[in-house]
Structure formats: structure tokens, C-alpha cells
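A.B. asks: Make a model of the complete structure from these sequences and hints.
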Amino acid sequence: MAFDWLTGGSTPQFWKNYVALFEGDDKEHRRYVVFDMEASGLDWKEDVILSIGAIGVVGNAIEVGDFLQVFVQQDKFTTQSVALSGVLKEPKAEKFVEAEAMIQFLNFVKDATLVGHNVNLDIEMINQALKRLDLGRLKNPIMDTNTLYQRWKDLPDDSHISLDELCDVLKIGKSDRHTASGNAYTTALVFLKLKRKLGI
Amino acid sequence: MKNPVAQGIADFLKHFPPFSSLEYTGLMDISAQSKVIYLEKNQVLFKGGDATHADFYVVKDGAVGLSLTSDAEETLIDKCDEGDILGLRPFFAKNDYLMTARAREESIIYGIPIEVFRPYITGNPKVLEFLLESFASQTRNPYDKERSGKLMAENVVFSDQVADIQYFQPIKYTRNPITANADDVLKFIAKTMANSAVGSVIIQENQLPIGIITDRDLRSKIATGLLSIDVEAREVMTSSVITVPENISVAEAQMLMLKHDVGHLCVTRDGSDKSPVSGIISEHDVVAAQTNTPGVLLKQTRRASNAKELKYVREKLTDLIQSSIDSLIPISHISNIVAEINIAITRRAIELAVEKIGSLPPVRFVWMNIGSQGRKEQLLLTDQDNALIFEDVEPEQYNNVKRYFLELAEMVIEYLGKVGYEPSPNKLLASNPQWCKSLTDWMKQYDAWINTPAEKNVEVSTIFFDFDFIYGAPAIEDALSSHIGMNISRNKKFFAYLASDTLQNPPPLGFFRQFLVESDGEHKDYFDIKSRAIEPLTDAARLLALSMNLIEITNTYHRFKKLAELEPKNAELYEECAEAFNTLMRFRTEEGLLNNSNGKYLNLNELSKSDKVKLKNCFQPISDIQDMIKHRFSLTSIK
Numbered sequence: 001m002a003f004d005w006l007t008g009g010s011t012p013q014f015w016k017n018y019v020a021l022f023e024g025d026d027k028e029h030r031r032y033v034v035f036d037m038e039a040s041g042l043d044w045k046e047d048v049i050l051s052i053g054a055i056g057v058v059g060n061a062i063e064v065g066d067f068l069q070v071f072v073q074q075d076k077f078t079t080q081s082v083a084l085s086g087v088l089k090e091p092k093a094e095k096f097v098e099a100e101a102m103i104q105f106l107n108f109v110k111d112a113t114l115v116g117h118n119v120n121l122d123i124e125m126i127n128q129a130l131k132r133l134d135l136g137r138l139k140n141p142i143m144d145t146n147t148l149y150q151r152w153k154d155l156p157d158d159s160h161i162s163l164d165e166l167c168d169v170l171k172i173g174k175s176d177r178h179t180a181s182g183n184a185y186t187t188a189l190v191f192l193k194l195k196r197k198l199g200i
Numbered sequence: 001m002k003n004p005v006a007q008g009i010a011d012f013l014k015h016f017p018p019f020s021s022l023e024y025t026g027l028m029d030i031s032a033q034s035k036v037i038y039l040e041k042n043q044v045l046f047k048g049g050d051a052t053h054a055d056f057y058v059v060k061d062g063a064v065g066l067s068l069t070s071d072a073e074e075t076l077i078d079k080c081d082e083g084d085i086l087g088l089r090p091f092f093a094k095n096d097y098l099m100t101a102r103a104r105e106e107s108i109i110y111g112i113p114i115e116v117f118r119p120y121i122t123g124n125p126k127v128l129e130f131l132l133e134s135f136a137s138q139t140r141n142p143y144d145k146e147r148s149g150k151l152m153a154e155n156v157v158f159s160d161q162v163a164d165i166q167y168f169q170p171i172k173y174t175r176n177p178i179t180a181n182a183d184d185v186l187k188f189i190a191k192t193m194a195n196s197a198v199g200s201v202i203i204q205e206n207q208l209p210i211g212i213i214t215d216r217d218l219r220s221k222i223a224t225g226l227l228s229i230d231v232e233a234r235e236v237m238t239s240s241v242i243t244v245p246e247n248i249s250v251a252e253a254q255m256l257m258l259k260h261d262v263g264h265l266c267v268t269r270d271g272s273d274k275s276p277v278s279g280i281i282s283e284h285d286v287v288a289a290q291t292n293t294p295g296v297l298l299k300q301t302r303r304a305s306n307a308k309e310l311k312y313v314r315e316k317l318t319d320l321i322q323s324s325i326d327s328l329i330p331i332s333h334i335s336n337i338v339a340e341i342n343i344a345i346t347r348r349a350i351e352l353a354v355e356k357i358g359s360l361p362p363v364r365f366v367w368m369n370i371g372s373q374g375r376k377e378q379l380l381l382t383d384q385d386n387a388l389i390f391e392d393v394e395p396e397q398y399n400n401v402k403r404y405f406l407e408l409a410e411m412v413i414e415y416l417g418k419v420g421y422e423p424s425p426n427k428l429l430a431s432n433p434q435w436c437k438s439l440t441d442w443m444k445q446y447d448a449w450i451n452t453p454a455e456k457n458v459e460v461s462t463i464f465f466d467f468d469f470i471y472g473a474p475a476i477e478d479a480l481s482s483h484i485g486m487n488i489s490r491n492k493k494f495f496a497y498l499a500s501d502t503l504q505n506p507p508p509l510g511f512f513r514q515f516l517v518e519s520d521g522e523h524k525d526y527f528d529i530k531s532r533a534i535e536p537l538t539d540a541a542r543l544l545a546l547s548m549n550l551i552e553i554t555n556t557y558h559r560f561k562k563l564a565e566l567e568p569k570n571a572e573l574y575e576e577c578a579e580a581f582n583t584l585m586r587f588r589t590e591e592g593l594l595n596n597s598n599g600k601y602l603n604l605n606e607l608s609k610s611d612k613v614k615l616k617n618c619f620q621p622i623s624d625i626q627d628m629i630k631h632r633f634s635l636t637s638i639k
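Protein sequence lines correspond, in order, to chains A and B. Just so we're aligned, residue 1 is where the first sequence starts under the UniProt record's numbering, counting upward by one. Just so we're aligned, residue 1 is where the second sequence starts under the UniProt record's numbering, counting upward by one.
Please keep in mind that the hints were generated in silico from the structure rather than gathered at the bench. Some hints here could point you the wrong way.
For each label pair, taking beta carbons as the anchor points, the in silico distance ranges come out as [stated by the list, open to error]: (1) A571/B to L21/A: 57 to 65 Å; (2) N17/A to R302/B: 54 to 62 Å; (3) L604/B to G199/A: 16 to 24 Å; (4) G199/A to Q620/B: 42 to 50 Å; (5) K110/A to Q43/B: 25 to 33 Å; (6) G123/B to P156/A: 34 to 42 Å; (7) V169/A to D326/B: 38 to 46 Å; (8) Q43/B to L133/A: 54 to 62 Å; (9) S20/B to K110/A: 35 to 43 Å; (10) A54/B to R196/A: 16 to 24 Å; (11) R196/A to I553/B: 50 to 58 Å; (12) S608/B to G199/A: 42 to 50 Å; (13) D168/A to K614/B: 38 to 46 Å.
Capping the alpha-carbon separation at 25 Å, the derived lysine to any residue pairs in SDA-like fashion look like this [stated by the list, open to error]: (14) K110/A to N3/B; (15) K197/A to D61/B; (16) K171/A to G8/B; (17) K139/A to K174/A; (18) K47/B to L198/A; (19) K60/B to G182/A; (20) K609/B to H523/B; (21) K14/B to E63/A; (22) K174/A to G83/B; (23) K110/A to Q33/B; (24) K197/A to N42/B; (25) K195/A to E105/B; (26) K174/A to H15/B; (27) K174/A to E40/B; (28) K171/A to L128/B; (29) K14/B to L128/B; (30) K2/B to A61/A; (31) K2/B to E98/A.
Just so you have them, the derived chain B footprint on chain A, three or more residues with Cβ under 8 Å [stated by the list, open to error]: (32) 56-64; (33) 121-131.
In this text, a Cβ means the ideal position worked out from N, Cα and C, and glycines have one as well.
C.D. replies: Printed below as a string of C-alpha cells:
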């Protein structure tokens, strides 16, 4: 159990609110937040978040209105990262500083279970961003669609499948890919299918 | 914040009516509040009988089937593909789902909250028009002539034409409604409403409508404590009231209710609020006018105040049968529904007759349907066969009591005759002194049938073993059935008689597998489906069921089903007989509806080749079951 968020003396209110959410335990109407992010690269120590897309799932349905999309203003904004993420395709989108983006993200996810594809890297990047703000690590339970797929197919732990491949296997259209929010939506569809097949 | 997911949904919806008539911003608003649902193949979205959901659904990918379930058998009624709407029923009627929606393949569905969509329906004439047109034409998309599905499929099952005509016919509504004055005290108005079981009262001044008080007003203004129950009507009433002219159509009434978001319309002489009140139309009237559903027919039956109204119900029932046949609803399911309504009609006729006589029955009694009505197999209008059993009375009272019941039966049979049920030509009627008698006399009658079956004057007995007690005292019913049950068991002679009677009808196929047709008379060369195919099965089922002491199951299909359960060794044959019986009933009903006859004779020349094969396939089980009966009741030795 990580207690490092306690050591900072005065903790900001949003963080207190966030942490307080994990005290109750209501498994009945479990909310899942499926998310994806674009980053400046794949090194979780060096690279930074450029955008996050996240969408809520309750029961067997994606709640379309339960949606977050946030673009992060970063100094470390290279041509390479633009090519990689395509974030510039939304030149008019309002961008927030990293701290504001994290507040929005935490306020949105609340105590939901976080779901992503190969999610560990994304989680680590968020934890790094929280660390830069002198805060603790994410408290949310985490599910990985890659792991769920392994479980469903009884594959070895080290097997890897990309989101594209998974979409092919599950017959999900890939037209919405290429942005964080599009990926989040596609991953959410993947999650709904796996959730049903595994009886989660 | 932009929501690309909602945008994706809006981009999809805009290609399909009625969404295509909406502004893009409206579509975005609707999409942003919707849900995306994944259905695995065979997963159920909603089930018949479930309370309706807050959302209606649009198919994004895949296909969803709508089906009716009866006797654990699912029959597909309609299929919804990409862009099709389903589950919009609560917008029109606030009942449970009638049908089951089940994914026929993996599907992605958009769920849209009806409350979110409602303002777009009422606020946009094109959307409203589309839905009303879909509703009226019973097609999912009236703009698309190629594909016709049923937009309201999960709501109602009836044939297109009938719906069409009904929809544009004048609506039936309450004439001379209850009215009150503006200075009446609310408490007394509410009392009047409660006493007369109405949901609204028109407030009038000099015979002109100035407002209306409905259940809704009482709920929102009084029950919430906003106003006290001692205020005057004028303070509570909703004003102005929406007025309409007389002879308004169902379609128009519904449109106006949606447009003004009201549940009641006030009918006036010239349609304006400057002319006297002549009636009131409630939401219930609109729903009732559109649905030939069994529930509505039952309700109308119970409310009928004369034979003419009962006749109207029976006519609508014929429409319902026709459309159910067209929709391939299982025949056993249709028979059940028709039987329930037939029974309700008879019950109502009995009640009306008692009212007309003006004095209550002197003792307890039972009205018994026999024959095809007793077996609940009456789809077409056929003859009445019935009987009456009254409680045992002192000998000196007997004649008076009997006289009362004979008079009652006479009247009931007359009512039913007016509805369209011809009295039995063999006088197997409760108004016949022979078939209207006390419990003890009936027990003696059954004893005679059971103990000396083949004697003269007792031969007509068989159809009296297909009885359905439809009205009266359960104690009498129980006494009679258990008496019959006790007497019947191990009575070999009785069963031998029944068996030989059953085998009177030979299997309907000749040696060369040709149909046996009538060789002379009016129906020369026609196939008599009733006596050659249906009756042998009915007789066999009766014999076998009675021999296993199944006294109270009288329906042929259910008798075979039960037999299959009790005798696993022969289950397959029994199942085949049950199926064959249903198929034959369908043939007969279709024939009857087509030629407005009792469907007894089929013109083989009018049957398609595949129908002939289907018909012939029903004959093998008849022949098999007759063989079994021959062996089981050792007929060879008796004859």
C-alpha cells in the first residue's frame, strides 16, 4: 500500500476527494472507465502525455455522455511526437497544463475501474505526472484488455496482441482509431465483448 | 467539450429516418445522451413481459429478432437490421414488452432515452409524421417501399389493412362526460371522479368548456400540498382545454395529444371552445382503438353492455386470428387466446342474462362448454355446445329451480347466437331440459355413459368428456370431475367402446398414398379435413387421456403433450400427433377464413404442392396412433 501521498503535508482538495472515494465498496453498479492516451513517446520516465480520451461503461453499455477528452500542453512537443500521435490534427482544441489535465482526469474517473489496452505504460505515465505534482499513485483497480483476451483464449501470460489485431479477432471496425478518444471508444467496444464473454 | 463518440453516433443516425429530419445539433444532443450496447449472439435485449425500458434502440451493427413466445416455443415475427428502430412502444403505450428482442448475431445497439427523444418528436412535425405513418401503415419505414417491417412490431400484431382502416376511422370516446362548475369545491369533484372511476372532469360555464381537471392535476397540485382540497375548481383546473370536433379520427386524436402533451381532449359540437361539450377522449381511448390485442378485447368484453358490443368483440377477434395466422404465430397459442376471449364472451352473456331476468340464480350452478369449445379448439365461429349443472335441491324445489336455469340458458344462447355462435343442431344445449339438470342427475348421466356405453340413446356421449367449466361454483366442478374420474378408472368396456369409436375414421390416405376425398354429395372430390384428419386425432387424444385418468385436460394438443410426458416410451409419437394436430388446425382455420366457412372441406386443387406434402405428412402419425390404440385396447378380440 502506498502512503506517499500523505507525506506532502497539505494535500490539495481534489486529491482528498479522489482518495475518499475508495473508502466505500459498492460493487453493484460498478463503473468502468476505458481510456487511451497519446504520448510524446514510449519511455514512461522521459516522455509525457499529450492527450487523454476516456469513456464510461456501466453494465453492458457504453455511456456516451460519460466522456472526457483532454489535450495537454507540453513544452516537450517535438515534430516526432506530432507525427506519432497526430495531436496536431486538432489544432483548435483547447489545451491544458498538465496539472489541470490531471485534475480533470481524476475528477472524471473517480473510483471507477480503469480499463485500457496494454495499460501499464499509460498508468505509469499518469503516475509520473502525479509524481511531478507531488501526489501519490493512482488508487483505481485496473483491467487490461490484453490480459482479458489472454484469459479468454487461455493464452500464456507473455503473449501480446495489438489493439488492431484484437479488433480483427473480435470483428470490430477500426475506423475510429488514430485519436485518443477514438481509441478509447474502440477499446471500450473490445472491453464490452470480452466482459460479456468472461462474465465479468 | 467536443465528444467525437457522440459525433460518430450522430453521423450514423443522420442516414436513417426519422433522425434524418432532425437538425444536426439536435442529433448531437441525442447522441451524447445515448448508450452503446454490445449483444452477443442470442443475448436478449428485452423479454416479452418485461417492464419497458427507459431507452428505445437503434441497431448499429448486426441484427435483432423480435419474437413471440408461447408454450416455450419462440416464433420470429420480425427482424431489425442496421438503422432499424425497436422498443419505441412506451412512447405510445405504457405497457410491458409484448415481444422478446434477441440478437440473431453479434450486434452493436444504440440505446436512446425516450425522454431525451420526446421533445424532438413533438417539436418536429416531420418526425411525428414519420412515426405516425409508420404506426398507421405498420411498416418500419414507410418511405422505403421495398422493405417493410413493423415499427411497432413489439406492440401489436394485426394485419396491415385492418390497422390502416381502423386508424383513420372515428375514435370511440365517452359521450356526455361528467362536468362540474368552476365554483365547485375540489374535494367533491375528486369524490365524483373516484365514484365514477373517471380520470378527468370538464369544468364548464354556460355549457362551454373553460378547463379540465385530470388525475394529473390532482397529483401535481393537491397531493403535493400546493393547494388544499377545499379550493374551488377554477384554481386547480388546467385551462384552456384542448377542444376537438366530433368524429375525429384516431390518428388525429393521437397527433393532438402528442402535440399538446395532454392526456385528454374535450369534444365539442363544432370543435371550438365556444360550443357545448359533447364528449371526452382519453389516452386510453386512443390506445384501445389501435390495438386488437387480446388484453383490450378481454376488457371490452367485460365492459360490454349488450349483444351488439359482444358481437363487435367477436368480429375484432376474427381479425386478430387472421393476422396471427398470417404472422405464423403457433396455432396452440392462438387457440389459447381465442378460447379465453370466447370464454369471456360467454361469461359476459351469462351476466347480462342474469341482469335481464332480474333475479339472482336460486342456487349455485356451473356453465359447461363441451365439444370443441370445451377443448378450447374453436378458432372459427362454429356451433355452441353447452350444458348446465345446478346444485342439488329439495325435490319440491326442483322444478322451479330448473325452470329458472332453462330460462337463463335460453337467454344466454340467444345472446351468443346474436354474437354469431349458431346453437348446436343436435340440441346439445343448456336450454335443452335433457342437458340442464342437477349435480346428482349429471353424475347418473355420466355413470350411464361410462357403464353402458354402447346402448341406445347413450351414444352421443364422447363430446361430453371434453368439458370446460367456464362459469360458476368450483365445488360442483370438483364433485363432478372426481366422480367421473373414480368411475372411469379400470372400466374396460367404456374404453373399448371409445376405442372402436375412434377407429371408425380410417387413416386418410388410400393404399396408393392418394388422398381419400368425398365420393359424392355437395363436396364431391373435396377433402374432409375435419372428420378424416382432425377428429381421429381428437378422438385418440380423448381416449388415451381418459384411460390415464387425465380428466381435466381437454385440449387435444395439451392432451398429447401431457401423454408424451407420462409415457416416455411413446413420447415421440405423441409429439408428432401434437404437431400434426396443430398443422391440421392451421389448414382448417386458413381455409375457413378464406372462404368464410367452418373450414371442414379443403379443395385439394387449390393447395400448393408443398402444402399437400405438409398435409400428407400429418397422416402418418394418425395411422400410427390408431395402430397403437388397436393393440392397447385389444380391439381385435372384441370385434
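A.B. asks: For every hint, state whether the structure bears it out.
C.D. replies: Evaluation of the provided hints:
1. A571/B to L21/A: 57 to 65 Å: 59 Å, holds
2. N17/A to R302/B: 54 to 62 Å: 59 Å, holds
3. L604/B to G199/A: 16 to 24 Å: 55 Å, violated
4. G199/A to Q620/B: 42 to 50 Å: 45 Å, holds
5. K110/A to Q43/B: 25 to 33 Å: 29 Å, holds
6. G123/B to P156/A: 34 to 42 Å: 57 Å, violated
7. V169/A to D326/B: 38 to 46 Å: About 43 Å separates the Cβ atoms of V169/A and D326/B, which means 38 to 46 Å holds.
8. Q43/B to L133/A: 54 to 62 Å: 44 Å, violated
9. S20/B to K110/A: 35 to 43 Å: 37 Å, holds
10. A54/B to R196/A: 16 to 24 Å: Roughly 21 Å apart at Cβ, these two residues keep to the hinted range, so it holds.
11. R196/A to I553/B: 50 to 58 Å: Between R196/A and I553/B, where Cβ atoms are some 42 Å apart, the hint is violated.
12. S608/B to G199/A: 42 to 50 Å: 48 Å, holds
13. D168/A to K614/B: 38 to 46 Å: 45 Å, holds
14. K110/A to N3/B: 20 Å, holds
15. K197/A to D61/B: 18 Å, holds
16. K171/A to G8/B: The given pair, whose Cα atoms are some 18 Å apart, holds under the 25 Å limit.
17. K139/A to K174/A: 31 Å, violated
18. K47/B to L198/A: The given pair, whose Cα atoms are some 23 Å apart, holds under the 25 Å limit.
19. K60/B to G182/A: Between K60/B and G182/A the Cα gap is close to 17 Å, so the pair holds against 25 Å.
20. K609/B to H523/B: With a Cα-Cα distance of about 21 Å, the restraint between K609/B and H523/B holds, given a limit of 25 Å.
21. K14/B to E63/A: 20 Å, holds
22. K174/A to G83/B: Holds: K174/A and G83/B sit about 20 Å apart, inside 25 Å.
23. K110/A to Q33/B: 20 Å, holds
24. K197/A to N42/B: Satisfied, since the Cα-Cα distance of roughly 13 Å is no more than 25 Å.
25. K195/A to E105/B: Holds: K195/A and E105/B sit about 17 Å apart, inside 25 Å.
26. K174/A to H15/B: 20 Å, holds
27. K174/A to E40/B: It holds: about 19 Å lies between the C-alpha atoms, which stays within 25 Å.
28. K171/A to L128/B: Roughly 36 Å between the alpha carbons, so the hint for K171/A and L128/B is violated.
29. K14/B to L128/B: Cα-Cα ~16 Å, so holds.
30. K2/B to A61/A: Holds, at roughly 21 Å.
31. K2/B to E98/A: 19 Å, holds
32. 56-64: It holds, with 5 qualifying residues against the three required.
33. 121-131: Per the Cβ count (0), the hint is violated.
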